[in-house]
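Visitor: Listed below are the residues making up each chain.
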Amino acid sequence: DTGVSQDPRHKITKRGQNVTFRCDPISEHNRLYWYRQTLGQGPEFLTYFQNEAQLEKSRLLSDRFSAERPKGSFSTLEIQRTEQGDSAMYLCASSLDAGNYGYTFGSGTRLTVV
Amino acid sequence: GQNIDQPTEMTATEGAIVQINCTYQTSGFNGLFWYQQHAGEAPTFLSYNVLDGLEEKGRFSSFLSRSKGYSYLLLKELQMKDSASYLCAVREAAGNKLTFGGGTRVLVKP
Numbered sequence: 056d057t058g059v060s061q062d063p064r065h066k067i068t069k070r071g072q073n074v075t076f077r078c079d080p081i082s083e084h085n086r087l088y089w090y091r092q093t094l095g096q097g098p099e100f101l102t103y104f105q106n107e108a109q110l111e112k113s114r115l116l117s118d119r120f121s122a123e124r125p126k127g128s129f130s131t132l133e134i135q136r137t138e139q140g141d142s143a144m145y146l147c148a149s150s151l152d153a154g155n156y157g158y159t160f161g162s163g164t165r166l167t168v169v
Numbered sequence: 045g046q047n048i049d050q051p052t053e054m055t056a057t058e059g060a061i062v063q064i065n066c067t068y069q070t071s072g073f074n075g076l077f078w079y080q081q082h083a084g085e086a087p088t089f090l091s092y093n094v095l096d097g098l099e100e101k102g103r104f105s106s107f108l109s110r111s112k113g114y115s116y117l118l119l120k121e122l123q124m125k126d127s128a129s130y131l132c133a134v135r136e137a138a139g140n141k142l143t144f145g146g147g148t149r150v151l152v153k154p
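Top line first, the protein sequences correspond to chains R and H.
Going by the numbering used here, the first residue of the first sequence is number 56, and it counts up by one from there.
Going by the numbering used here, the first residue of the second sequence is number 45, and it counts up by one from there.
Be aware that a few hints might be false.
Said to hold, decoys possible - Interface residues of chain H toward chain R, partial, derived using beta-carbon atoms under 10 Å: (1) Ile48; (2) Gln50; (3) Phe73; (4) Gly75; (5) Phe77; (6) Glu85; (7) Pro87; (8) Phe89; (9) Ala133; (10) Asn140; (11) Lys141; (12) Leu142; (13) Phe144.
As the list claims (entries may be wrong) - Computed footprint of chain H on chain R, listed as stretches where at least three residues anywhere in the stretch have a Cβ under 8 Å from a Cβ of chain H: (14) 63-76; (15) 130-142.
None of these hints come from the bench; they were simulated from the model.
Keep in mind that this is a model prediction, so the values were computed, not measured.
Glycine included, C-beta positions come from ideal geometry on N, C-alpha and C.
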């Protein structure tokens with residue numbers, strides 16, 4: 056296992072377009088998290104899954120954002136009708152239940168909306 | 045609500061010691077984590093505290109006082125490669141999400 060993988064690493068899109076990101080967690084990890092990080096800030100929670108169930112979604116997340124984890128393995132995060140304010144690093148992380156090592160993060164997808 | 049505060053930036057000299065403080069106010073507590081993040085890279089786990097006291101791991105140590113809502117990360121014998129952002133994060137309930145502070149950018153100078 057090579058850790059948490061995210062694809063693509065970089066995405067440039069025009070305002071109004073839809074984008075989808077993929078995250079492949081560590082295979083034995085049942086929890087998967089999505090965070091967003093802007094320059095000079097800490098990661099901001101978006102949503103998380105336990106297996107295929109989406110257990111929590113941030114109140115800050117608009118209806119344009121949706122995430123899925125259909126078979127409890129990989130996850131996708133879709134942003135519809137992108138806005139310039141969506142430009143950020145989107146980080147995926149995975150963990151075991153109540154792990155004492157927190158999360159293992161992927162390298163992130165950097166989104167630029169022009 | 046949740047509030048996690050840490051200084052924005054610190055500068056230190058190679059070979060010296062730096063202490064990064066983190067204060068938190070959360071509705072629950074089930075552990076405090078420190079992560080290191082180099083520019084353009086993913087955060088990597090450094091330390092975990094759930095009970096009061098000091099956890100030492102090589103050049104890095106982390107301290108927790110639950111009654112004061114306070115933690116610090118101590119970096120000793122600083123090296124140039126320690127220049128990075130250091131993120132404090134709190135888990136409010138077992139198995140739940142981490143809430144991160146804004147991060148402290150540490151610059152190590154020769």
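Visitor: Find the hints from earlier in the document that the structure breaks and name them by number, from lowest to highest.
Guide: Hint check: 3, 14, 15 fail, others pass.
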